[in-house]
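Sequence lines, in order, name chains A and B. Here the first sequence stands for residues 16 to 306, numbered as in the numbering used here. Here the second sequence stands for residues 16 to 306, numbered as in the numbering used here.
Mixed in with the good hints, there may be bad ones.
Chain copies aren't distinguished; within one or between two, either way the pair holds.
Below, simulated DMTMM-like cross-link-like pairs (lysine to aspartate or glutamate); rule was C-alpha separation at most 25 Å, straight line [stated by the list, open to error]:
{"#": "1", "residue 1": "Lys-137", "residue 2": "Glu-124"}
{"#": "2", "residue 1": "Lys-151", "residue 2": "Glu-139"}
{"#": "3", "residue 1": "Lys-151", "residue 2": "Asp-126"}
{"#": "4", "residue 1": "Lys-295", "residue 2": "Glu-269"}
Derived by calculation from the structure, the hints in this document are not laboratory data.
There are 2 protein chains.
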Amino acid sequence: MQSQETTPDEYFTSTTPPANLKAIAGKVQTFIDLNQKKNKKIVLITSVPLENQTVRFLDNFSAGTRGATSAEHFIEAGYAVIFLHRQYSLEPYTRHYTHSTNCFLDLLEVDNNDIKVTKDHKDELRAIIEKYNRAKNESLLLKINFTTVSEYLFLLKEFTLLLDQVKDMAVEHKIQSSGGGLSLVLDQVPKIIKPLVKEWAPSAFTVSFKLETDSTLLVSKSKSALEKYGHQIVIGNMLHTRKHVVWFIGREFEKEVRLTQDEIKHEVEIEKYIIAELIKLHDKWISTRAI
Amino acid sequence: MQSQETTPDEYFTSTTPPANLKAIAGKVQTFIDLNQKKNKKIVLITSVPLENQTVRFLDNFSAGTRGATSAEHFIEAGYAVIFLHRQYSLEPYTRHYTHSTNCFLDLLEVDNNDIKVTKDHKDELRAIIEKYNRAKNESLLLKINFTTVSEYLFLLKEFTLLLDQVKDMAVEHKIQSSGGGLSLVLDQVPKIIKPLVKEWAPSAFTVSFKLETDSTLLVSKSKSALEKYGHQIVIGNMLHTRKHVVWFIGREFEKEVRLTQDEIKHEVEIEKYIIAELIKLHDKWISTRAI
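Construct the entire structure; sequences and hints are all you get.
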């Protein structure tokens with residue numbers, strides 16, 4: 016992948032941008048303006064570009080499960096979400112049914128002149144439809160998809176440049192905010208985080224995810240990633256426990272977020288706690304510009 | 016990707032097979048037996064493993080659109096389909112709604128105590144549900160997914176070995192068949208077609224897809240692919256017209272299959288004609304072992 020062979024600067028100067036880049040950036044600008052007017056905090060969530068080395072073992076990650084789940088929890092918590100995802104990855108709300116472990120066609124039954132959701136799935140689906148419709152009607156979710164890594168990198172740059180303006184716009188709109196938007200980077204292209212933080216969105220609160228195979232190295236590796244890339248938080252996780260425990264690693268602290276056995280049994284989504292924790296940290300960042 | 020660096024033989028001897036390989040093969044064997052008893056012809060359809068070089072431009076292919084669409088048309092035409100696909104790729108029937116260009120949550124409305132499909136989508140969705148339920152109730156579709164290229168290659172080998180037995184079982188069950196199953200390989204790992212044809216499923220009627228950027232080379236390149244890999248048909252297509260025109264290329268013939276402007280306007284799926292043509296050729300293969 017080019018982004019692994021060249022520096023970001025070289026990459027952007029040597030690669031042709033997607034034709035519709037400015038049009039998409041316009042949509043994002045409109046979305047940000049609209050939600051800033053409503054005093055909404057903005058988060059950009061980027062999903063994982065599917066690469067061979069990730070496909071090889073990151074089944075769920077490659078589907079974008081964590082990104083799609085996090086988007087829902089951010090919206091529940093009052094954020095407006097820009098969801099930059101690989102085309103055909105899992106998406107917020109539909110994720111519960113699109114990817115065939117839970118096929119939505121099995122939930123429907125032809126009943127005379129109607130097609131109805133079966134009794135046993137009605138309540139569960141109603142809750143999702145109501146959340147989905149709210150996000151749609153109140154313009155709280157902007158989904159932008161990419162198909163190529165090149166599209167992804169150009170869009171990420173464009174969006175984070177816009178996200179950096181959130182601060183100024185916030186001041187302009189008299190919001191008690193000086194910290195800028197929240198940028199949640201779930202991807203496997205770490206070197207892109209450096210220009211993102213240093214050049215594109217220095218005002219943003221930027222969080223990256225780090226998947227480790229050796230837990231003893233998680234903290235040290237995450238701390239040096241924070242040094243190297245200059246962002247605020249690394250959320251570390253291990254492949255086989257990533258749905259049950261993660262570690263928040265900042266320059267000055269580490270914190271474990273873990274589901275109880277009971278929560279695991281009841282299929283509580285750890286993203287609920289990850290996002291709650293991130294919002295606390297983002298609020299601190301907004302008021303103090305420090306973590 | 017390993018399969019591009021080593022020969023298939025080297026690959027299979029140097030790589031550990033997936034743990035559940037035999038269990039999955041057992042499912043496929045059962046599916047084949049069941050449908051052979053019903054005198055069903057069997058087709059194996061394999062979808063595209065997502066690779067960087069394909070992600071870069073094969074947007075729709077990478078989603079498995081052609082594979083999922085072809086599976087539906089084969090079932091409509093009386094075949095039993097083994098659908099070997101990348102996890103989270105498009106799948107038969109659900110493909111119409113899962114991948115957000117046409118979000119199924121937009122089709123549902125909460126109506127008092129029920130959740131119903133909206134009036135304007137009822138007829139269209141009813142038709143799909145009925146086809147989906149028939150395929151499910153009559154066991155005409157077996158979906159097996161993979162997440163890694165290694166899984167894909169081992170499953171492909173295992174399945175085609177089983178597909179090759181279809182001939183003998185057919186004879187055993189007194190079906191007018193001596194030609195074996197149909198194997199539709201949509202993937203971008205051409206060298207795998209050689210052992211598939213020569214070693215794993217020599218009785219099968221094997222078809223590969225070839226995406227060309229230079230139409231003037233399509234026929235010559237396809238003919239040499241047939242020579243090199245020993246299979247029966249290459250279906251050639253060009254990236255930007257692949258949904259409207261394809262070329263069937265055999266050793267002794269070429270045939271164009273093209274949608275009319277009117278069919279394009281009415282969004283007729285070219286797979287309908289591709290599969291009709293393939294079935295004719297498969298029948299000829301079954302009775303004469305020649306194309």
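Is the C-alpha distance from Lys-295 to Glu-269 at most 25 Å within one copy, between copies, in both cases, or in neither?
within (15 Å within a copy, 65 Å between copies)
State whether the alpha carbon distance between Lys-137 and Glu-124 is at most 25 Å within one copy, between copies, both, or neither.
both (12 Å within a copy, 11 Å between copies)
Given a CA cutoff of 25 Å, do Lys-151 and Glu-139 count as a within-copy pair, a between-copy pair, both, or neither?
both (19 Å within a copy, 24 Å between copies)
Reference check for the pair Lys-151 and Asp-126, CA-CA at most 25 Å: within, between, both, or neither?
The answer is between: 19 Å across copies meets 25 Å, while 28 Å in one copy does not.
In summary, the structure agrees with every hint in the numbered list given earlier.
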